[in-house]
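Asker: Chain residues, written in single-letter form:
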Amino acid sequence: MKGIPFSYSLRNLWTRRLTTILTVSGMALVVFVFTTILMLAQGLQETLVETGSYDNAIIIRKGSGSEVQSWVDRAQAGIIETDPIVATGADGEPLVAKELVVLIGLPKKDTEKVSNVTIRGIQKSSLPLRPQVRLVRGRMPKMGSSEVVVGSSVARRFRGADLGDELRFGTRQWRITGIFDAGNTGFTSEIWGDVEQLMPAFRRPVFSSMILRMNDPSQFDAFKKRVETNPRLTQEVKRETRYYLEQSEMMAKFLRILGISLTLIFSLGAIIGAMITMYAAVANRIGEIGTLRALGFRRRSILLSFLMEALLLGLCGGAVGIFFASFMQLVTVSTVNFQTFSELAFKFSLTVDITVKAFAFAVVMGLAGGVLPALRAAHMNIVEALRTK
Amino acid sequence: MQILKILFKNAFRHKLRTGLTILSITIALLAFGLLRTVINAWYAGVEASSAYRLVTRNAVSIIFPLPLSYRDRIRQVDGVSEVSWGNWFGGIYIDEKNFFANFAVDARTYFDLYREYVIPDNQKEAFFRDRKGFVAGRKLAERFGWKIGDTVVLRGTIYPGSWEFVMRGIYRGREPNADETVFMFHWDYLNESLKKTAPTRADQVGFYMIGIKDPERAVSVASNIDGLFKNSFAETITETEKAFTLGFVAMSDTIITAIELVSFVVIIIILAVVANTVAMSVRERTNEYAVFKTLGFGGWRIAGLILGESIVITMMGCAVGIAATFPAATAFAAAMGAYFPVFKVEPATIWLDIVFSLSVGILAAIIPVYRTLKVKIADGLRMIE
Chain P
13 MKGIPFSYSL
23 RNLWTRRLTT
33 ILTVSGMALV
43 VFVFTTILML
53 AQGLQETLVE
63 TGSYDNAIII
73 RKGSGSEVQS
83 WVDRAQAGII
93 ETDPIVATGA
103 DGEPLVAKEL
113 VVLIGLPKKD
123 TEKVSNVTIR
133 GIQKSSLPLR
143 PQVRLVRGRM
153 PKMGSSEVVV
163 GSSVARRFRG
173 ADLGDELRFG
183 TRQWRITGIF
193 DAGNTGFTSE
203 IWGDVEQLMP
213 AFRRPVFSSM
223 ILRMNDPSQF
233 DAFKKRVETN
243 PRLTQEVKRE
253 TRYYLEQSEM
263 MAKFLRILGI
273 SLTLIFSLGA
283 IIGAMITMYA
293 AVANRIGEIG
303 TLRALGFRRR
313 SILLSFLMEA
323 LLLGLCGGAV
333 GIFFASFMQL
343 VTVSTVNFQT
353 FSELAFKFSL
363 TVDITVKAFA
373 FAVVMGLAGG
383 VLPALRAAHM
393 NIVEALRTK
Chain A
222 MQILKILFKN
232 AFRHKLRTGL
242 TILSITIALL
252 AFGLLRTVIN
262 AWYAGVEASS
272 AYRLVTRNAV
282 SIIFPLPLSY
292 RDRIRQVDGV
302 SEVSWGNWFG
312 GIYIDEKNFF
322 ANFAVDARTY
332 FDLYREYVIP
342 DNQKEAFFRD
352 RKGFVAGRKL
362 AERFGWKIGD
372 TVVLRGTIYP
382 GSWEFVMRGI
392 YRGREPNADE
402 TVFMFHWDYL
412 NESLKKTAPT
422 RADQVGFYMI
432 GIKDPERAVS
442 VASNIDGLFK
452 NSFAETITET
462 EKAFTLGFVA
472 MSDTIITAIE
482 LVSFVVIIII
492 LAVVANTVAM
502 SVRERTNEYA
512 VFKTLGFGGW
522 RIAGLILGES
532 IVITMMGCAV
542 GIAATFPAAT
552 AFAAAMGAYF
562 PVFKVEPATI
572 WLDIVFSLSV
582 GILAAIIPVY
592 RTLKVKIADG
602 LRMIE
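Order-wise, the sequence lines are chains P and A. Residues in the first sequence are numbered from 13 upward in steps of one, following our numbering. Residues in the second sequence are numbered from 222 upward in steps of one, following our numbering.
Just so you know, the hints here were simulated from the structure itself, not pulled from any lab data. If you're wondering where the values come from, they're calculated on a predicted model, not measured in any experiment. We treat Cβ as the ideally placed atom computed from N, Cα and C, and that holds for glycine. A hint or two may mislead.
Using 25 Å as the maximum straight-line C-alpha spacing, the simulated DSS-like pairs for lysine-lysine come out as follows [what the hints assert, rightly or not]: (1) A:Lys463 - P:Lys125; (2) P:Lys369 - P:Lys121; (3) A:Lys318 - P:Lys265; (4) A:Lys318 - A:Lys368; (5) P:Lys136 - P:Lys125; (6) P:Lys125 - P:Lys369; (7) A:Lys318 - A:Lys345; (8) P:Lys120 - P:Lys359; (9) P:Lys250 - P:Lys265; (10) A:Lys417 - A:Lys434; (11) A:Lys318 - A:Lys360; (12) A:Lys451 - A:Lys463; (13) A:Lys353 - P:Lys125; (14) A:Lys360 - A:Lys514; (15) P:Lys136 - P:Lys120; (16) A:Lys318 - P:Lys250; (17) P:Lys121 - P:Lys265; (18) A:Lys565 - P:Lys121; (19) A:Lys368 - P:Lys120; (20) P:Lys74 - A:Lys318; (21) P:Lys265 - P:Lys359; (22) A:Lys368 - P:Lys74; (23) A:Lys451 - P:Lys74; (24) P:Lys74 - P:Lys265; (25) P:Lys136 - P:Lys250; (26) A:Lys353 - A:Lys416; (27) P:Lys120 - A:Lys451; (28) A:Lys434 - A:Lys416.
The calculated label-pair distances, taken between Cβ atoms and stated as ranges, are [stated by the list, open to error]: (29) P:Pro229 - A:Lys417: 46 to 54 Å; (30) A:Ala322 - P:Lys125: 20 to 28 Å; (31) P:Gly299 - A:Ala599: 21 to 29 Å; (32) A:Asp371 - P:Arg268: 29 to 37 Å; (33) A:Glu567 - P:Gly299: 33 to 41 Å; (34) P:Thr123 - A:Lys226: 48 to 56 Å.
Per the computed footprint, the stretches of chain P lying under chain A, defined by three or more beta-carbons under 8 Å from a beta-carbon of chain A, are [what the hints assert, rightly or not]: (35) 38 to 47; (36) 72 to 85; (37) 273 to 285; (38) 320 to 333.
Only chain P is shown next, with the shape it has when bound in the complex (with noise of 0.2 Å):
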């Protein structure tokens, strides 16, 4: 005899709709939680894992681990910029920049809580270095003078720094000239201007970090062990990509098992709430299912149809849950990076693999609130079943 119809466990859901409806609701609450701290880790990654980029190594510090605490002085740039790895650009300038990368507090516009933004003085082969830069409303600022610009991020959330505005930090003003927009990456939460500018009103004699173009990135194993074994650096050479990455390791970490313990908890009220929905669905239909086995369906086909139905609240559930969590992708967030100890302000981002990962959960859970039940159903008597009223 064949299995029972897939349509007999879509009508059982229908028929106890209140019940239904409160349980994959308990399931999709869930599961938007799961998947909406998932994508705040992945949003925050992606962000500054494009924030670099395969071609550019960067130069730090040993043990820095963040530009913010390296620095490279002027003798040892001069070692690092005459590499022969470093490439050159269109107009023939060697595709190499030494920069300032320190932080600053500005207030922020809803809060007036201040936050701390990272500011960066370039110099003018930063910006072919960073293709991702594009300027979007005014104009660069001019080498040599007090001017900066600022990434449309910080011009939208914090006080005082649109275009034509004045900073005060340094002892200075600072014209605001222009805004750029970098896409989905780190820069755009910074300020730039230029270095030769920033290091004296910050009193900085030397660079944080010095950032160059490779003109063979195969070449990089060597070009590292050339700065890391040369007695006259104590600086360590790091893929861009890789760098970015480890900003972010620590900070989506956190998210993650937050993220993943968290649900897993709430995960066991929602089972719960469906073992409840399949005990009383079991419960009500014992004599049903003694007919079923009297018409000669085996025990594994009333089995399968009680998981069916489990697992059709659990794909709802997930489903429900989905779809309020894809609108997360319209928010931007902005937070403190731990590691960076700079505002960042990212996207959550929605991937395949965290919508399969949402799906797998919630078919777990409900499978897993329907097994008993599903058993206890299987495992019933013919007469006793049919006996009952």
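Dock chain A against the given chain P, drawing on the hints supplied.
Answerer: Below, chain A alone, put in the same frame as chain P:
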């Protein structure tokens, strides 16, 4: 009393179902309680801050230092009783995972200001005498099993190199909310080393800790201090210790808000579960309620029975949940103590637990009560499962 007995009897007619519902409430309240406690732990530093202390830092941002020479000028400000200073050292012990706060501080003045750090006199004296010495909080020492006399090496991230320290003392908090996970060593040790290796970075102070005589005058003292350094190349921001700590907490407010929201989601999840249980029980008893009505029991009597049963179930879950929160919090603190120096369940959390359980009990009964009241006696009697 009689009515309570009926409610209990009714609630446990389906032992498995009620048991499962109670279990889910327990789990939800446990999760809720722990999340609230995590949020409170985040703010623990703010709670522990003293009204008698101000913090002065560089106006540009915390990563920029202030000159040591400011010390004497701050001392002269009216209302200031004591000035201490320190630097965030940012050292790593063996691996980055072993994170803890480590500061270079001017030891004598710092301990005068932090009277809530209790340290035996002989240990304190030993620490003051040994320039390479350090003191650590009780929890931190326990975490790594450090004993007095042990040598500990930190790898500097801001100040390069390997730095060797000898443990000279362990401090305890006078109040339970004091942070017992801080590592403190002599600012002189850092400064003298910098004079040799990086003279441009010597005599630079990360922050000044200022003791004031009268908390009422905190604002005017703070603005007087900032006024001293206006238009200098290192302008200052002076604020109360509370505002300073709050500034750090506010940096992660997105995450705190997220956790807060999520902690309410779990309440809605159990609402769905409990509402489901009540709806099912009531549906199965449609017949009985029709009989009650026939016998002359008023609609509100029946409503009371349903509502009462729902509340009995949620409150039992609530009781178990609250009872389980304390051992769970202790276990959590033992496992995650490194990240949360202070971790204890606040009375407010328990009150919230009770309020939420009650509301869930009431909300869950609304639809079933409405349906039962609406059903006509004849329809109710006719209804079969």
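Asker: Does each hint hold? Answer for all of them.
Answerer: Verification of the supplied hints:
1. In summary, the hint linking Lys463 of chain A to Lys125 of chain P is supported, as the alpha carbons are separated by about 14 Å, within the 25 Å threshold.
2. Distance check on the hinted pair: Lys369 of chain P and Lys121 of chain P sit about 37 Å apart at the alpha-carbon level, beyond 25 Å; violated.
3. The straight-line distance between the Cα atoms of Lys318 of chain A and Lys265 of chain P is roughly 12 Å, inside the 25 Å bound, and the hint therefore holds.
4. Distance hint between Lys318 of chain A and Lys368 of chain A is fulfilled; the C-alpha atoms sit about 21 Å from each other, no more than 25 Å.
5. Our distance criterion of 25 Å between C-alpha atoms is broken by Lys136 of chain P and Lys125 of chain P, whose separation comes to about 33 Å.
6. Taking the CA atoms of Lys125 of chain P and Lys369 of chain P, the gap is near 37 Å; set against the 25 Å cutoff, the hint is violated.
7. For the hint linking Lys318 of chain A to Lys345 of chain A, the alpha-carbon distance of about 29 Å lies beyond 25 Å, and the restraint is violated.
8. Restraint check: the Cα-Cα separation between Lys120 of chain P and Lys359 of chain P comes to about 18 Å, which is no more than 25 Å; the hinted pair holds.
9. Of the pairs offered as hints, the one joining Lys250 of chain P and Lys265 of chain P holds, with about 21 Å between alpha carbons and a cut-off of 25 Å not exceeded.
10. Distance hint between Lys417 of chain A and Lys434 of chain A is unfulfilled; the C-alpha atoms sit about 38 Å from each other, more than 25 Å.
11. The straight-line distance between the Cα atoms of Lys318 of chain A and Lys360 of chain A is roughly 16 Å, inside the 25 Å bound, and the hint therefore holds.
12. For the hint linking Lys451 of chain A to Lys463 of chain A, the alpha-carbon distance of about 23 Å falls within 25 Å, and the restraint holds.
13. Between the alpha carbons of Lys353 of chain A and Lys125 of chain P the distance comes to roughly 39 Å, so the proposed pair goes past 25 Å and is violated.
14. Pair hint Lys360 of chain A plus Lys514 of chain A does not hold up; C-alpha atoms about 64 Å apart against a cutoff of 25 Å.
15. Only pairs whose Cα atoms come within 25 Å are accepted, and Lys136 of chain P paired with Lys120 of chain P is rejected, the gap being roughly 30 Å.
16. Restraint check for Lys318 of chain A and Lys250 of chain P: satisfied, since their Cα atoms lie roughly 21 Å apart, inside the 25 Å limit.
17. With a C-alpha separation of about 29 Å, the suggested pairing of Lys121 of chain P with Lys265 of chain P is violated against the 25 Å cut-off.
18. In summary, the hint linking Lys565 of chain A to Lys121 of chain P is not supported, as the alpha carbons are separated by about 35 Å, beyond the 25 Å threshold.
19. The suggested pairing of Lys368 of chain A with Lys120 of chain P is violated, with an alpha-carbon distance near 46 Å, which exceeds 25 Å.
20. Under the criterion of a C-alpha separation no larger than 25 Å, the hint pairing Lys74 of chain P with Lys318 of chain A is consistent with the structure, at around 18 Å.
21. A threshold of 25 Å between alpha carbons decides the hint, and for Lys265 of chain P with Lys359 of chain P the separation of about 17 Å falls inside it, so the pair holds.
22. Distance restraint check for Lys368 of chain A and Lys74 of chain P: the Cα-Cα separation of roughly 31 Å exceeds the 25 Å cut-off, and the hinted pair is therefore not satisfied.
23. This hinted pair does not check out: Lys451 of chain A and Lys74 of chain P have alpha carbons roughly 36 Å apart, beyond 25 Å.
24. Between Lys74 of chain P and Lys265 of chain P the CA atoms are separated by roughly 24 Å; this keeps the pair inside 25 Å, and the hint holds.
25. Between Lys136 of chain P and Lys250 of chain P the CA atoms are separated by roughly 22 Å; this keeps the pair inside 25 Å, and the hint holds.
26. With a C-alpha separation of about 16 Å, the suggested pairing of Lys353 of chain A with Lys416 of chain A holds against the 25 Å cut-off.
27. For the hint linking Lys120 of chain P to Lys451 of chain A, the alpha-carbon distance of about 23 Å falls within 25 Å, and the restraint holds.
28. For the suggested pair Lys434 of chain A and Lys416 of chain A, the alpha carbons sit about 34 Å apart, so the restraint of at most 25 Å is broken.
29. At roughly 40 Å, the beta carbons of Pro229 of chain P and Lys417 of chain A sit outside the given window of 46 to 54 Å.
30. Between Ala322 of chain A and Lys125 of chain P the C-beta distance comes to about 22 Å, which sits within the given range of 20 to 28 Å.
31. The given range of 21 to 29 Å is respected by Gly299 of chain P and Ala599 of chain A, whose C-beta atoms sit roughly 25 Å from each other.
32. Judged by the Cβ atoms, the range 29 to 37 Å given for Asp371 of chain A and Arg268 of chain P holds: they are separated by roughly 35 Å.
33. Glu567 of chain A and Gly299 of chain P have their C-beta atoms about 52 Å apart, which leaves the hinted 33 to 41 Å range violated.
34. The hinted window of 48 to 56 Å between Thr123 of chain P and Lys226 of chain A holds, with their beta carbons roughly 54 Å apart.
35. Check result for the stretch 38 to 47 of chain P against chain A: holds, 5 residues qualifying (beta carbon to beta carbon below 8 Å, three or more required).
36. Check result for the stretch 72 to 85 of chain P against chain A: holds, 7 residues qualifying (beta carbon to beta carbon below 8 Å, three or more required).
37. Only residues whose beta carbon comes within less than 8 Å of a beta carbon in chain A count, and the stretch 273 to 285 of chain P has 8; three or more means the coverage holds.
38. Coverage of the stretch 320 to 333 of chain P by chain A is violated in this model, with 0 residues showing a Cβ closer than 8 Å to a Cβ of that chain against a need of three.
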